[in-house]
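These protein sequence lines map, in sequence, to chains A and B.
Under the working numbering, think of the first position of the first sequence as 8, with each following residue one higher.
Under the working numbering, think of the first position of the second sequence as 169, with each following residue one higher.
Among these hints, one or two may not hold up.
Claimed, not checked - Below 20 Å or equal to it, Euclidean Cα-Cα: the simulated PhoX-like pairs (lysine-lysine) are: (1) Lys29/A - Lys243/B; (2) Lys145/A - Lys196/A; (3) Lys94/A - Lys198/A; (4) Lys103/A - Lys168/A; (5) Lys145/A - Lys90/A; (6) Lys198/B - Lys166/A; (7) Lys94/A - Lys196/A; (8) Lys133/A - Lys103/A; (9) Lys198/B - Lys168/A; (10) Lys133/A - Lys145/A; (11) Lys198/B - Lys224/B; (12) Lys224/B - Lys166/A.
No lab work stands behind these hints: they were computed from the structure.
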Amino acid sequence: MCAASKELYGIVRLRSYDLPQKFNVSATIAEAALATSAATGFFDPVSIGARHFEDGALGANNPVEEVEGEALDIWCPATGDLKPLVKCFVSIGTGKPGKRTIEDNMLKFLSKTLVQITTETEETAKRFLARWRGHYDKNQYFRLNVGQGLQDVRLEEYKEKGIIEAATYRYLEDQQQIFRVRDCVENLKMKQSVYIKDSA
Amino acid sequence: MNCDSLIAIMLGRLEMDVDECIDAYTELIKIVFQEKVHRTPLNWKGRVQARFSSTKLAAAINQVITSQGHSPIEKFNDGGVRGCRV
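The task is simple: from the sequences and hints, build the whole structure.
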């Protein structure tokens with residue numbers, strides 16, 4: 008899980024598990040939840056021990072590369088050769104952001120930055136797909152992201168659950184997605200063990 | 169710009185199922201986002217400020233944690249082995 012560190016001006020990973028050779032921030036469940044929420048920019052900064060976590064506007068809005076880095080640290084810290092170890096990689100997006108979201112959320116002079124952030128999630132997905140094309144080709148990488156219908160839904164619009172549900176079902180009922188989800192399920196069904204033994 | 173990591177905590181650390189997560193998350197954002205604390209993300213000094221109540225968020229989070237039989241002051245990494253790492 009990611010949070011934005013004030014001290015490092017960068018992303019810090021908070022873990023619910025041990026990772027040898029990595030320093031782990033010792034947080035409670037509630038602190039971890041608050042620290043990661045602070046990164047949205049909607050809430051106050053949070054302190055855990057001597058560390059501060061705050062708005063991570065330039066952080067990992069699509070944390071797929073963080074997940075890749077973490078998997079590498081867990082499964083192949085010595086070689087860094089992650090790809091042969093991954094049978095299925097699923098990335099789930101939160102919808103493509105539209106214009107209104109951006110205009111409403113920030114004052115005009117800030118919107119340029121926000122446009123960059125929201126485009127960044129798609130750029131990250133594109134970059135990741137390019138590097139993991141082999142997995143994509145063999146139905147081992149899946150990216151699911153509702154493309155249409157969520158543009159006008161904002162985080163704080165809790166009343167719009169119906170719109171989210173409708174747009175998501177429409178997305179999943181698209182023939183392209185039906186086949187993708189089927190392939191993803193087929194892949195996941197072949198999973199044999201829950202835990203991959205740490206090869207550290 | 170969303171609270172998807174809260175769902176990660178619910179699924180991975182609190183080991184809630186998907187339907188429980190949807191219910192808990194819906195309830196949580198209702199409590200937290202019902203009223204805005206500040207209209208704009210900047211204060212008069214031009215500094216970024218919180219737009220929603222962190223107190224409400226903390227209370228809502230604690231409620232989810234305790235409803236699952238855990239304590240908010242339990243360590244995120246308590247050394248337990250689970251099927252999912254978050």
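Against the structure, the hints come out as follows:
Our distance criterion of 20 Å between C-alpha atoms is met by lysine 29/A and lysine 243/B, whose separation comes to about 17 Å. For the suggested pair lysine 145/A and lysine 196/A, the alpha carbons sit about 15 Å apart, so the restraint of at most 20 Å is met. Between lysine 94/A and lysine 198/A the alpha-carbon distance is near 8 Å, which keeps this suggested pair within the 20 Å criterion. At most 20 Å may separate the alpha-carbon atoms for a hinted pair to count; lysine 103/A and lysine 168/A meet this at roughly 16 Å.
Straight-line distance between C-alpha atoms of lysine 145/A and lysine 90/A comes to about 12 Å, which keeps the hinted pair within the 20 Å bound. The hinted pair formed by lysine 198/B and lysine 166/A meets the criterion: a straight-line CA distance of about 8 Å does not exceed 20 Å. For the hint linking lysine 94/A to lysine 196/A, the alpha-carbon distance of about 11 Å falls within 20 Å, and the restraint holds. Distance hint between lysine 133/A and lysine 103/A is fulfilled; the C-alpha atoms sit about 13 Å from each other, no more than 20 Å.
With a CA separation close to 11 Å, the supplied pair lysine 198/B and lysine 168/A stays within the 20 Å bound. Our distance criterion of 20 Å between C-alpha atoms is met by lysine 133/A and lysine 145/A, whose separation comes to about 17 Å. Between lysine 198/B and lysine 224/B, the direct Cα distance comes to roughly 10 Å. Compliance with the 20 Å bound is thereby established for this hinted pair. Restraint check for lysine 224/B and lysine 166/A: the C-alpha separation of about 18 Å stays at or below 20 Å, so the hint holds.
The earlier numbered hints are all upheld by this structure, with none contradicted.
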